[in-house]
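Colleague: Read off the chains here:
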Amino acid sequence: MDETPAAQEVGTTMQQSEMPVASTLNSRRVMLPVDQNEGSKRAVQWYVDHVCQKNDYVLLVHVFKSSILPMFANYDTDGTAMGGIEIWQSQFDDAQEAARAVIEEYKAILESKKVPYLTIARPGAPGQEICNIANDHNADLIVMGSRGLGMLSRTVLGSVSDYVVHNAYLPVTVVPPDEE
Amino acid sequence: MAEEVTCVKRRVLLAIDGSKGSQNAFDWYVENMSQPSDIVLIVHLFGMPTLPVAGFGAAGVVLVDGYQEQVQTVYDKAMALASKYSTICSSKKIKNRTIVETVCGSAGSTICQIAKDEKANNIVMGSRGLGAVRRVFLGSVSTHVMHHAHIPVTIVPQKKE
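One line per chain: the protein sequences are U and H, in this order. Quick note: the first sequence, position 128, residue 128 per the working numbering, numbers continuous. Quick note: the second sequence, position 143, residue 143 per the working numbering, numbers continuous.
Source of the hints: derived by calculation from the structure; they are not laboratory data. Remember, it's a predicted structure, so these values are computed and weren't measured experimentally. For every residue, glycine included, the Cβ atom is placed at its ideal position computed from N, Cα and C. Fair warning: there could be bad hints in the mix.
What the hints assert, rightly or not - List of simulated lysine to any residue pairs, SDA-like, C-alpha gap at most 25 Å:
| # | chain 1 | residue 1 | chain 2 | residue 2 |
| --- | --- | --- | --- | --- |
| 1 | H | Lys-9 | U | Ile-109 |
| 2 | H | Lys-116 | H | Arg-10 |
| 3 | H | Lys-93 | H | Pro-49 |
| 4 | H | Lys-9 | H | Ile-151 |
| 5 | U | Lys-114 | H | Asn-121 |
| 6 | U | Lys-114 | H | Lys-9 |
| 7 | H | Lys-20 | H | Leu-51 |
| 8 | U | Lys-54 | H | Glu-31 |
| 9 | H | Lys-9 | U | Ile-103 |
| 10 | H | Lys-95 | U | Arg-28 |
| 11 | H | Lys-84 | H | Val-103 |
Said to hold, decoys possible - Using C-beta positions, here's what the derived DEER-type ranges look like:
| # | chain 1 | residue 1 | chain 2 | residue 2 | range |
| --- | --- | --- | --- | --- | --- |
| 12 | H | Ser-37 | U | Ser-112 | 16 to 26 Å |
| 13 | H | Gln-113 | U | Asp-178 | 11 to 21 Å |
| 14 | H | Pro-49 | U | Ser-112 | 48 to 58 Å |
| 15 | U | Asp-93 | H | Lys-84 | 31 to 41 Å |
| 16 | U | Lys-113 | H | Lys-116 | 26 to 36 Å |
| 17 | H | Gln-23 | U | Asn-135 | 17 to 27 Å |
| 18 | U | Asp-93 | H | Glu-31 | 38 to 48 Å |
| 19 | H | Ser-109 | U | Asn-55 | 36 to 46 Å |
What the hints assert, rightly or not - Some chain H residues well away from chain U (every beta-carbon gap over 10 Å; in silico):
| # | residue |
| --- | --- |
| 20 | Gly-18 |
| 21 | Val-74 |
| 22 | Asp-76 |
| 23 | Ser-86 |
| 24 | Arg-97 |
| 25 | Ser-106 |
| 26 | Glu-118 |
| 27 | Phe-137 |
Here chain U stands alone, though its shape is the one from the complex (with noise of 0.2 Å):
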């Protein structure tokens, strides 16, 4: 059995692993969108301590904000933009990187407990996206720590985790910060 499968979808290009295409008896396709918040990692690691089962198969999930194409355009004096792709591939390059070393860390949790796992690193709205990408593939649950972007500590319910909660027509667990 292939006990290190990682299949990395960015961006629009996916690279094939051996995925059940749906669910199977007793099998789970659970997803986990992180972000580079404390509050990832303790659903992460609350989903491995608590929740995994045997036949689970992980969906990490790490969507990050890119500029629109391009933002910054030089024009030229005759009117030719020049320099802004460039400057857009770049910064979209550096994106895609930050998000790999994002989804780094929680490889090593998910690879501590053998549980078999395709990343998907998407640009775009968090919220949207993960809805997007749980219906793409067929998740049967979402685990997701309650706040991350924004971190604001008066709000309780973070902002992406309020969206998914409900738009996704999935069960969602939340897992809170711990009590202060």
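Once you've looked at the hints, dock chain H against the given chain U.
Modeller: Chain H alone, transformed into the frame defined by chain U:
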């Protein structure tokens, strides 16, 4: 039931109100999440019937006899509902306990309090209950519990119709 993988003993609070939503959440838990070492806390909250009063002002008379019966009926119904779920759990060899209580004011905060007292690990509940309007995706009790429980809460949505 899923095969045992986790060693952590889980105490799962399942909030039930007799609605299809909570039935759905319960079924989902049993099929997708339950493990042999789980202990399920079946929580059902019911509201006391309002005290009927005949007449007005100082001459008002509280109809005590009828009220006693009403309370008994409501209580019996609540116990029956909780037992129904308890029986289903037991038939699937899931250890369980029923907690039936009256709710004063907020059902959401009562659930959170019970979760705290019983040291639950997580809460599983439906997105809508008996009272909620169809258009509302997340009912008031579920919303409250999500915001105020200090443990993970799993919201199981209504089945698509």
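Colleague: Compare the structure with each hint and give your call.
Modeller: Now for the hints, and whether the structure bears them out:
This hinted pair checks out: H/Lys-9 and U/Ile-109 have alpha carbons roughly 20 Å apart, not beyond 25 Å. A hinted pair counts as satisfied when its Cα atoms are at most 25 Å apart, and H/Lys-116 with H/Arg-10 qualifies at roughly 14 Å. Using a Cα cut-off of 25 Å, the hinted pair H/Lys-93 and H/Pro-49 is violated, with the two alpha carbons roughly 35 Å apart. Restraint check for H/Lys-9 and H/Ile-151: the C-alpha separation of about 15 Å stays at or below 25 Å, so the hint holds.
Between the alpha carbons of U/Lys-114 and H/Asn-121 the distance comes to roughly 24 Å, so the proposed pair stays at or under 25 Å and holds. Distance hint between U/Lys-114 and H/Lys-9 is fulfilled; the C-alpha atoms sit about 20 Å from each other, no more than 25 Å. For the suggested pair H/Lys-20 and H/Leu-51, the alpha carbons sit about 29 Å apart, so the restraint of at most 25 Å is broken. With a C-alpha separation of about 14 Å, the suggested pairing of U/Lys-54 with H/Glu-31 holds against the 25 Å cut-off.
Restraint check for H/Lys-9 and U/Ile-103: the C-alpha separation of about 29 Å exceeds 25 Å, so the hint is violated. For the hint linking H/Lys-95 to U/Arg-28, the alpha-carbon distance of about 23 Å falls within 25 Å, and the restraint holds. At most 25 Å may separate the alpha-carbon atoms for a hinted pair to count; H/Lys-84 and H/Val-103 meet this at roughly 20 Å. The supplied range of 16 to 26 Å is met by H/Ser-37 and U/Ser-112, whose beta-carbon atoms lie about 21 Å from each other.
Checked against the hint of 11 to 21 Å, the pair H/Gln-113 and U/Asp-178 passes, with Cβ atoms roughly 19 Å apart. For H/Pro-49 and U/Ser-112, the Cβ-Cβ distance of about 54 Å falls inside the hinted range of 48 to 58 Å, so the restraint holds. Hint check: U/Asp-93 to H/Lys-84, Cβ distance near 58 Å, so the stated range 31 to 41 Å is violated. Taken as a hint, the range 26 to 36 Å holds for the pair U/Lys-113 and H/Lys-116, whose Cβ atoms sit roughly 29 Å apart.
Separation of H/Gln-23 from U/Asn-135 is about 25 Å and conforms to the stated range, judged on CB atoms against 17 to 27 Å. Taken as a hint, the range 38 to 48 Å holds for the pair U/Asp-93 and H/Glu-31, whose Cβ atoms sit roughly 44 Å apart. Taking 36 to 46 Å as the suggested C-beta distance range, the pair H/Ser-109 and U/Asn-55 conforms, at roughly 37 Å. Consistency note on H/Gly-18: stated as away from chain U, and its beta-carbon is indeed over 10 Å from all of that chain's, at 20 Å minimum.
No beta-carbon of chain U comes within 10 Å of the beta-carbon of H/Val-74; the shortest separation is about 31 Å. No Cβ of chain U comes within 10 Å of the Cβ of H/Asp-76; the nearest lies about 32 Å off, and the non-interface call holds. Against chain U, the non-interface label of H/Ser-86 holds: every CB pair exceeds 10 Å, the least being about 23 Å. Consistency note on H/Arg-97: stated as away from chain U, and its beta-carbon is indeed over 10 Å from all of that chain's, at 19 Å minimum.
With a least CB separation of 16 Å from chain U, H/Ser-106 remains clear of the 10 Å interface cut-off, as annotated. The non-interface label for H/Glu-118 is consistent with chain U: the shortest C-beta to C-beta separation is roughly 16 Å, beyond 10 Å. With a least beta-carbon separation of about 5 Å from chain U, H/Phe-137 fails to lie farther than 10 Å from that chain, contradicting its non-interface assignment.
In summary, the numbered hints that this structure violates are 3, 7, 9, 15, 27.
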